[in-house]
Amino acid sequence: MSDTICWLIGSLITISIYLMLSTQLMRWLFGIVILSSTINLVILLAGRLSSTVPAFIPIGQSKPDQLVANPLPQALILTAIVIGFGLLAFSLILVRRVWRTFNTTNSDQIHYAEFQYLNVMEEEK
Amino acid sequence: MNWLPVLPFLICFLALIAISFSWSNILLQKIWHLLAATALFIAVNGLGYVVFHQGILVLQVGHYPAPYGISIVIDPLSAILLWMTGLINWCVSIYALADIHTRRQKLGFYPAYWVLLMGICGAFSTGDLFNLYVWFEVMLIASFTLLVLGNQKAQLDGTLKYVSLNLVATILMLLSIAMLYGMTGTLNMADLAQKLPMYPFSGMTTSIILLLALAFAIKAALFPLFFWLPAAYHTTNVTTVAIFAALLTKVGVYALIRLTILLLPNNHYILSLLLFSAGMTMLTGVLGAASQFHIRRLLSFHIISQIGYMVMGLAIYTPFALASAIFFMAHNMLAKTNLFLITGICSRIGHSSDIRKLGGFYQHFPVIAFLFFIPAFSLAGIPPSSGFWGKLLLLKAAFDTSHYFIAALSLFVSVLTLYSMTKIWSYIFWKETSSPDKITNLPLHVYYIYLLPIILLSLITLAMGFFPQFFFNYILQTTEQLFHPALYIQAVLGVQPG
Chain A
1 MSDTICWLIG SLITISIYLM LSTQLMRWLF GIVILSSTIN LVILLAGRLS
51 STVPAFIPIG QSKPDQLVAN PLPQALILTA IVIGFGLLAF SLILVRRVWR
101 TFNTTNSDQI HYAEFQYLNV MEEEK
Chain B
1 MNWLPVLPFL ICFLALIAIS FSWSNILLQK IWHLLAATAL FIAVNGLGYV
51 VFHQGILVLQ VGHYPAPYGI SIVIDPLSAI LLWMTGLINW CVSIYALADI
101 HTRRQKLGFY PAYWVLLMGI CGAFSTGDLF NLYVWFEVML IASFTLLVLG
151 NQKAQLDGTL KYVSLNLVAT ILMLLSIAML YGMTGTLNMA DLAQKLPMYP
201 FSGMTTSIIL LLALAFAIKA ALFPLFFWLP AAYHTTNVTT VAIFAALLTK
251 VGVYALIRLT ILLLPNNHYI LSLLLFSAGM TMLTGVLGAA SQFHIRRLLS
301 FHIISQIGYM VMGLAIYTPF ALASAIFFMA HNMLAKTNLF LITGICSRIG
351 HSSDIRKLGG FYQHFPVIAF LFFIPAFSLA GIPPSSGFWG KLLLLKAAFD
401 TSHYFIAALS LFVSVLTLYS MTKIWSYIFW KETSSPDKIT NLPLHVYYIY
451 LLPIILLSLI TLAMGFFPQF FFNYILQTTE QLFHPALYIQ AVLGVQPG
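Same order as they appear, the protein sequences are chains A and B. Following our numbering, the numbering of the first sequence begins with 1 at its first residue and continues without gaps. Following our numbering, the numbering of the second sequence begins with 1 at its first residue and continues without gaps.
Among the hints, erroneous ones may be present.
Distance windows between CB atoms, simulated [as the list claims (entries may be wrong)]:
hint: 1; chain 1: B; residue 1: A486; chain 2: A; residue 2: L21; range: 39 to 49 Å
hint: 2; chain 1: A; residue 1: L8; chain 2: B; residue 2: I31; range: 53 to 63 Å
hint: 3; chain 1: A; residue 1: T4; chain 2: B; residue 2: G62; range: 30 to 40 Å
Hints listed in this document are in silico derivations from the structure and should not be mistaken for laboratory results. Don't be surprised by glycine CBs; every beta carbon is placed ideally from N, CA and C.
Given only the sequences and the hints, what does the whole structure look like? Please build it.
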């Protein structure tokens, strides 16, 4: 089971890095989406896949009857998902805004803040 | 007094709530803003006093015992950095009242500002790696918002680059934290410091530490990972860039210090790597600054260059060197913020950020010229300024451990820094202005609100220059304790480390 997930993580990270190297901002964004989801798998794997039984302790006992799943990675992943979702939503809006402003999503063509645009920037203000 | 460690970010959080509830009333927002900044400054002063007189403060959140729950820990290093945060935030907050355009205030500048502050205070006070990641993210989303607030073309471009590189950095950080958890089964920093030496130092450990160092190095803007900084910082307004310059990259350096002290055995080759990177950071930063004419972009390159000095102190890795690095960091936070604030006034009066178009300030505004003099020469390291002592201490640390090459390099970079400062001086202050009609005098009350924080920061810079021993003693005490983590471990876990 763990081996399969390791292979899955490896290939997903490969795909995401390939996407992130693209100059098209939408591809870059999808790369980030895949990468941040893959990291959640890494966290799950780091907590060891020993059992699928939820971590509940029966009433009146001080420890569970059988081997239960590690609840901590689940808490960490939940946090990471929420945070990742917020950041991705922001990035998506940013890319949309960039597209509306510059009429392109090719990052090679967007260098408005760089040196030669100093004078243009001044005039805009 | 148990809740004392959470006070800094609790104040930021309360400020955020209060300001958000008075969204439509800008005046009320300003009052809350100022009140919160004052409260934060008072709180960090009290916190510093308690930590230096009674020892490390620990709060176990929700009463979960230490390695299982989240620990909020204020040790002397955190206390010093929180104090710096409180002080600089107070000054920048006053400046913001005059500087931020009404349109940006209506877009929600103040709420975003306090989220940023909450993230920074949280990052300085947590004792848990995953919690550190969460605070980094809080800081990140707020900095995105502040950067893009106003929606100008240049801002969009800058934010795009900032977002893309910083997102990768936090993902890398999360990845390495996950792997660390997989290896040791704990994320509590004190517990890690205790457990990690039990594992053989294998390739696995090295790769985890390298990944984590990579993530923090992107945050701290180290060579060759700093490209997001000069692409983004100059596009936004002066207040935002001043608080970014003072605190954001320094949080990266702080995380790097914690990581190195906790996880890295001495004489490891990662330290040599850091030293190399520090040297290159200094050099490339200052060379980048030499060719710039946009005032905020020029100063942004200097942020990078100065980060090199701090990491140099860390990479030499003796208590004395680290203390020098922290002293330098404190000096740099003050001087750098002050420079941004002063040149901000110049841009506002002269209606330009291009130093070639500004001029005549020595003639028309001698007070501003004098105030510029203090942080500029402090940054360059002219005696008896605070920068001189910072660099002297770092040099001494380098010579003591026979790192001659980096010492020579840092001296060379100092000369180039001086060149940059002279360039600003001769362009903005000495040169006659080409268009005198463009200079507009500010209304007097706005002018005074601008000057007040600058004078405050200058006074503290001068105090650090004239009484370095007073500050350095506290810092040396801090680093001695950092290098003997037994006290920290005992305070957090409540047991004698075995």
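Now for the hints, and whether the structure bears them out:
1. B:A486 / A:L21: 39 to 49 Å: 46 Å, holds
2. A:L8 / B:I31: 53 to 63 Å: 54 Å, holds
3. A:T4 / B:G62: 30 to 40 Å: Given a distance of about 36 Å, which is inside 30 to 40 Å, the answer is holds.
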